[in-house]
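Student: Residue numbers (numbering that gives the first Met the number 0): 0 to 472.
Hints were generated in silico from the structure; no laboratory data involved.
Source: prediction; values computed, not measured.
It is possible that some hints are incorrect.
Straight-line alpha carbon distances no greater than 25 Å define the calculated BS3-like cross-link-like pairs of lysine-lysine that follow [what the hints assert, rightly or not]:
(1) K413 <-> K266
(2) K413 <-> K339
(3) K466 <-> K413
(4) K339 <-> K466
Restraint-style ranges between C-beta atoms, simulated for each label pair [what the hints assert, rightly or not]:
(5) S376 <-> H252: 52 to 60 Å
(6) K466 <-> G219: 52 to 60 Å
(7) C354 <-> G168: 33 to 41 Å
(8) C354 <-> A463: 45 to 53 Å
(9) W467 <-> R44: 25 to 33 Å
(10) G336 <-> E262: 21 to 29 Å
(11) C354 <-> P205: 28 to 36 Å
(12) G215 <-> R259: 51 to 59 Å
(13) K266 <-> V430: 30 to 38 Å
(14) Q31 <-> I242: 22 to 30 Å
We treat Cβ as the ideally placed atom computed from N, Cα and C, and that holds for glycine.
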Amino acid sequence: MNLISPANQQEGQRTHQDAEENKPAITDRRTQALLESPILPTLGRLAAPNIFLAFMQGMVSLSDIWFISHIGTNGLAGIALVFPMVMLMHMLSAGAIGGAVSSAIARALGAGDRGKAEQIAMHAFLVAVIFGLLFTTAMILSGPNLFEILGGKGPALNQAVIYATIIFGGAITVWFCNIFASILRGTGNMMVPAVTLSITAALQIPLCGALVLGFGPIPGLGIAGAAISAVCIFGAAAIYFFIYIITGRSGLHVHWLKLRMSEAILKDILGVGLISSLSTVQTIASTVIVTGLVGTFGTAALAGYGLGMRLELLQVPIIFAIGSALVPMIGVNTGAGNVKRARRITWTGAGIAACITGSVGISVALWPGLWADLFSSDPGVLHAGYTYLHIVGGCYIFLGIGIALFFASQGAGKVLWPVLAGSARFLIAAVGGFVLVYYGGGGLSLLFMMIGLGMIVSGVGAAAAVKWLVWRS
0 MNLISPANQQ EGQRTHQDAE ENKPAITDRR TQALLESPIL PTLGRLAAPN IFLAFMQGMV
60 SLSDIWFISH IGTNGLAGIA LVFPMVMLMH MLSAGAIGGA VSSAIARALG AGDRGKAEQI
120 AMHAFLVAVI FGLLFTTAMI LSGPNLFEIL GGKGPALNQA VIYATIIFGG AITVWFCNIF
180 ASILRGTGNM MVPAVTLSIT AALQIPLCGA LVLGFGPIPG LGIAGAAISA VCIFGAAAIY
240 FFIYIITGRS GLHVHWLKLR MSEAILKDIL GVGLISSLST VQTIASTVIV TGLVGTFGTA
300 ALAGYGLGMR LELLQVPIIF AIGSALVPMI GVNTGAGNVK RARRITWTGA GIAACITGSV
360 GISVALWPGL WADLFSSDPG VLHAGYTYLH IVGGCYIFLG IGIALFFASQ GAGKVLWPVL
420 AGSARFLIAA VGGFVLVYYG GGGLSLLFMM IGLGMIVSGV GAAAAVKWLV WRS
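Required output: the full structure, derived from the provided sequences and hints.
Tutor: Structure representation (structure tokens):
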């Protein structure tokens, strides 16, 4: 007795035919390199453009805060209040959701199904629209109250609201830019996103300076100028990526008339992306809570902590350079069933990330003035910044390990256990810090020790989860 309807039989035949037609995709040069080329050189080749991009983005962040420092301590305090939420948007769009898009495309290409990869790319565009509008709505409605809860007062609060209104008003440009870049990375194309974003980063530095401080006929707009420059730059990059993708230069032939809304594809993206987002939200929530705790010690302490926190969060683009290479390498090999190679790629990437973040962290732990002295000469600000870097800097190595392994697990489509390991950081730094400050009378040093301990436990926990749980499930 035939239990399969003729319609289902035809659909099955079409699916089989589509898969057969897309089999040549696995012979694509980039895909084959991810499957067969030596691991370390391939990882280095993919990561190198992103490492340069991380450097350029670091220069943008450094220059932004340098320009803002010229409008006073209130500007520094205001940007410290908003910065965690800006990083949340970037980490979700480029890391959690963006990484899920890259992983889904890479796994589809590894399995030889280019048609599915093209459908994933079109679904990702819709995801970017939804999340961009959500960020704009949420931050415009609740941002001022959030910054006040975090300890923002008077002029510092006003500066935070001005910056947030503009940067989140243009949130969709950030989401388009990072999601489109993730589509390209999923195909193994690291060069185009890295070069494009490096060029726009180089343009953002003088644009930000001109808009913040004024230049010639351009009036100085203060902190608003920094936000305007960011929105303009991300919008320009998003337009270029969109044109690159729809013209077929990415290797994916995206035809909007062929879009077939698929619950399975959305589940593939959001199933990994939303769980990954939990890790991002925990990281930023921890930073936000700690920022609020530091705010109780005064504006100078908040500004000094903001300097140190910015260096911590700047580790994310550095690790992202490694992680964005890990996602397609592990995704393609997982899709092709080459699990042993995927494991080797995982630990190679984690080791590289540990070396990079560890060297940065140890340097500023020993010589905090290398970083803090660039932005302030205020004794109160420098005391808080030095204290933070002395204590937390040496723990950056564990931050690198934890985040790199998170990206590796994302490539495999199995992020739950590393995310749960990362929950330890939130519990120790945010919850533990809150208890110590409000009920134990702890000072800044003790609070910063809890941040460092959270990094250590999270990194070790992620390594254990990947070794014994990720590849078993």
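Student: Does each hint fit the structure? Answer for all of them.
Tutor: For each hint, the structure was consulted:
At most 25 Å may separate the alpha-carbon atoms for a hinted pair to count; K413 and K266 meet this at roughly 13 Å. Only pairs whose Cα atoms come within 25 Å are accepted, and K413 paired with K339 is accepted, the gap being roughly 16 Å. The straight-line distance between the Cα atoms of K466 and K413 is roughly 13 Å, inside the 25 Å bound, and the hint therefore holds. Straight-line distance between C-alpha atoms of K339 and K466 comes to about 12 Å, which keeps the hinted pair within the 25 Å bound.
Taking 52 to 60 Å as the suggested C-beta distance range, the pair S376 and H252 conforms, at roughly 57 Å. Our hint of 52 to 60 Å for K466 and G219 holds, since their Cβ atoms are close to 53 Å apart. Between C354 and G168, the C-beta spacing of about 39 Å keeps the proposed range 33 to 41 Å intact. Between C354 and A463 the C-beta distance comes to about 20 Å, which lies outside the given range of 45 to 53 Å.
Taking the beta carbon of each, W467 and R44 are about 31 Å apart, inside 25 to 33 Å as hinted. A hinted range of 21 to 29 Å holds for the C-beta pair G336 and E262, which are about 25 Å apart. For C354 and P205, the Cβ-Cβ distance of about 33 Å falls inside the hinted range of 28 to 36 Å, so the restraint holds. For G215 paired with R259, a C-beta distance near 53 Å keeps the hint of 51 to 59 Å intact.
At about 32 Å, the CB distance of K266 to V430 agrees with the hint of 30 to 38 Å. Checked against the given bound of 22 to 30 Å, the beta carbons of Q31 and I242, roughly 27 Å apart, stay inside it.
Comparing the model with each numbered hint stated earlier shows that hint 8 is the single one that does not hold.
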